[in-house]
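Undergrad: Below are the chains, spelled out letter by letter.
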Amino acid sequence: MTITHETIFTDVKAIRKTSPLVHNITNFVVMNNTANALLALGASPVMAHAENEVADMCGIAGALVINIGTLSDPWIAAMIKAAQAAEHKGIPMVLDPVGAGATPYRTDTARELIHRFRPAIIRGNGSEILALGDPGAVTKGVDSASKADQALDTARALHREHGSTVCISGETDFIVHSDAVIRIENGHAMMPRVTGLGCTASALCGAFAAVNPNPVQAAAHAMAVMGIAGEMAGETADGPGSFQVRFLDALYRISGSDIQQRFKA
Amino acid sequence: MTITHETIFTDVKAIRKTSPLVHNITNFVVMNNTANALLALGASPVMAHAENEVADMCGIAGALVINIGTLSDPWIAAMIKAAQAAEHKGIPMVLDPVGAGATPYRTDTARELIHRFRPAIIRGNGSEILALGDPGAVTKGVDSASKADQALDTARALHREHGSTVCISGETDFIVHSDAVIRIENGHAMMPRVTGLGCTASALCGAFAAVNPNPVQAAAHAMAVMGIAGEMAGETADGPGSFQVRFLDALYRISGSDIQQRFKA
Amino acid sequence: MTITHETIFTDVKAIRKTSPLVHNITNFVVMNNTANALLALGASPVMAHAENEVADMCGIAGALVINIGTLSDPWIAAMIKAAQAAEHKGIPMVLDPVGAGATPYRTDTARELIHRFRPAIIRGNGSEILALGDPGAVTKGVDSASKADQALDTARALHREHGSTVCISGETDFIVHSDAVIRIENGHAMMPRVTGLGCTASALCGAFAAVNPNPVQAAAHAMAVMGIAGEMAGETADGPGSFQVRFLDALYRISGSDIQQRFKA
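Chains as they are written, first to last, in the numbering used here: chain L, 1 to 265; chain E, 1 to 265; chain C, 1 to 265.
None of these hints come from the bench; they were simulated from the model.
Remember, predicted model here, so these are calculated numbers, not experimental data.
Among the hints, erroneous ones may be present.
[To be verified] Simulated pairs of lysine-lysine, DSS-like, Cα-Cα distance not exceeding 30 Å: (1) C:89 x C:264; (2) C:147 x L:147; (3) E:147 x E:81; (4) E:89 x C:89; (5) L:81 x C:89; (6) L:13 x E:147; (7) E:81 x C:147; (8) L:81 x E:13; (9) L:13 x L:264.
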C-alpha cells in the first residue's frame, strides 16, 4: 500500500467535495473538538447516542466512529446498536479504545466491540493497543525489545484475528495491516498537551474511511493530515491554547502543497 | 414590527445591565460554547438537566432554552418538566429542534414539545423547520418555488397553529410571525464551519427574550447580533478556530456603533 | 502557613515532573476546559463517571475532584462510590459545590458529600460556600458586616466541623483553615466572563493536592497560579475568547519568575 502526498490530498478533496456525514458516539470531553475538526476539514459531524435513534442516524451516515471515553452502560448499549446498524448498512466503523488498560470496564468493552464487530479501523496509543491484546501473549513479552514493539505485535495479532487495520499513534504513527506497517512521521511535540487530539484522529479516520473504501489508506491519510496540521499549528503557537485554535485553522486551510512539502513517511 | 440598530442595542444594554439568568437544557456538543456566548454578551447561563432540579432552576431564570441535540429519554423527561415550570412561571421558552428530520426520534420530540408548550421562539435551519411541518402539507409542495419558500410556508403554519415566532437561520435569517417576515442579512461564510453557532443563536434568543417581552423583536435582535459578531470575527479569522475565538470577543465588545454601521435588514 | 513564590513554584515543578493523574467527576460544560488546564500545567487528567469504573480509576489516581454542576442521580451514585475509593486509598478529594444554593438538589448533594467524606479541599464562590452553612447560623447574620464576612464565617464553621480547607474564590481568594485565613490577590477582571474558570480552579486544586500533602498550601498554590495565569492572559486579550486561549498558554508557560514578579498575597 503506497501512501503519497497525492493519495492524501485526493481524499482531502473528496471530503471537502462530498462532505460525508460522520456519526460519532464519543466522549463528553472531546465532542466539541471532534465536531469542529470534522467541520474544519470539510466533513459533516453528527453526535447521537440514544438507543432510540442511533440506527436511524447510521442509516444516513458514511461512517461510524465509536469512542469509549467517559463510558457508561447506556452508551455501551447504544454503541452495540449503532455497530449493528453500521454492519448491516456496510459503512466502516472506527473504534477508539480510550483508556483501555486503565480500568477493566474500558478494556472489556473495547474487546467486546472488537470481537463482535471487527472494526475497519482501531486507533489508540501504544498503551491502549497493548491492553487490547491477549494478556498472556503480551506479558510473556521476552521477545519484544520495547513497549512499542509489543504494541506492534498486538496490532498484528488484532489484524490477523479480526481483519482490522490498527493504528498506533505516537511520536511516530504506525498503521498495521497484514504483516506490513506504514510509518507516519509527521506531528508536533505540543499535541499530547491538548486534550482530545487522539479522539480527533479517530474522528478523522471516520471521515477518510467514508470517502476511501481502503481502511489502510484511510487511516494513514488521517494520521498524515493530523500530523501535518499539527506542524502547521505548532509553528506559531505559544502554548496548547493557541495550538488548538491554529490546528483547526490548519485543517481548514491545508492545501496540496502543504501536504507535498511536509508529508514524511 | 420595526427592527433598527437602536432597538437592537437597547436590548444588548439591558442584557449587560440586568444579566438575566438563562436556563439551558442543551446538547453536550455545544454546552461550553453557548455558556461562553451568553457570558460574553453579558447574560448569565446555567445548564441543568436533572428532573430533580429543572423546575427549581426555571423558578429563578428569565428564560428557558431547550435544544434537542444529543437527545435521550431522561433529557426529554427533564425538558417536559422544565417547560411546564416555564409555562407556570410565565417565562419565555425557546426551542431549537436540532436534527429534526434526521431521525424520527428528533422530529417527534420537537413536534411534541411544540404542540404541548407553544414555544415563544422556535429557531432552526431550513431543513429542521421543514421537518416540523405537517408532512402532507410540505410534500404536496407544488406551490413552493424552493426549499426556502417551503420552510417559510412551514414557519407560517407553525405560527398560525401555535403562536410561536419562528426563526429560520441561514445566509439570510427569516423571522416569521403572523404573515410578516423580517429578513436579517448579516453573517459570515465561515459560520457554518463552526459547530454550535446555530445552538448559540438559540441561546442568545433566550437572553434577548428574557429582557424583551416581544418574541419577534427578541429573535430578530438575537440574529442580528449573531450575524454582526460573525462579521466582526470573520474579518481577521484564518479559519474556524480563530473565528470562534474572535466571535466570543466580538460578542463581548459589540457596541452601538458596530451595530449601527453593520446592521442589514 | 506561609505561602511564597518559592513554595508555589516548587509545586508547579513537581506537577510538571510527576504528571499526577487527577480523576475528575465533573460537569459537561467544563470537562474540556478543565482537562486542558490540567494538561497545560503538566498534570494528567482523566474523566470517568460510571459506577462500573470510578473505584478502579481512583485506584490509579493521585487526587479526586468532584464537581456537582449538571448533576443527576447516576452521577451522584458514582461520586459516592469514587469518594469511598478515594477515602480507602487515602488520596485527597476536592469538592466544587457548583450551584449550591441555586436548587435544593445541588445544596443537599454538596452537604451530603461534605458530611460523609470530609473533603480535603472545598472550593466555591461566596454564594456557594454560604449555601453550605447551617441555614440558621447564616441567616441570623447580625454579626456579619457583609456577605463576604458571612461566607468566611461559614467557611470557618465547615473547617471546624469537617476539617476541610475551604477556598472562597472571588476578586480576593480566601483560603480558610483553622482560624487563619490566607488571602490571594491575583486575578483578572475578565475571569468571571469565561465559563468554567471556577471549575478549573478546583481541578488545579486537585493537581496541587496530588503533589503536596498539605491541603492549605495546595489550595493556596492553585489559586495563586490561577490568578497569575489570568493576569498573564488578560494583558493581551481582546475579550473572553482570546482570554481563554491565552490562559491555557499561560498555564503552560508560567515560570518561577512570572510567579515571583506577580504573586500578591
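Undergrad: What are the numbers of the hints that this structure violates, sorted from low to high?
TA: Violated hints (numbers, rising): 1, 2, 3, 4, 5, 7 and 8; every other hint is consistent with the structure.
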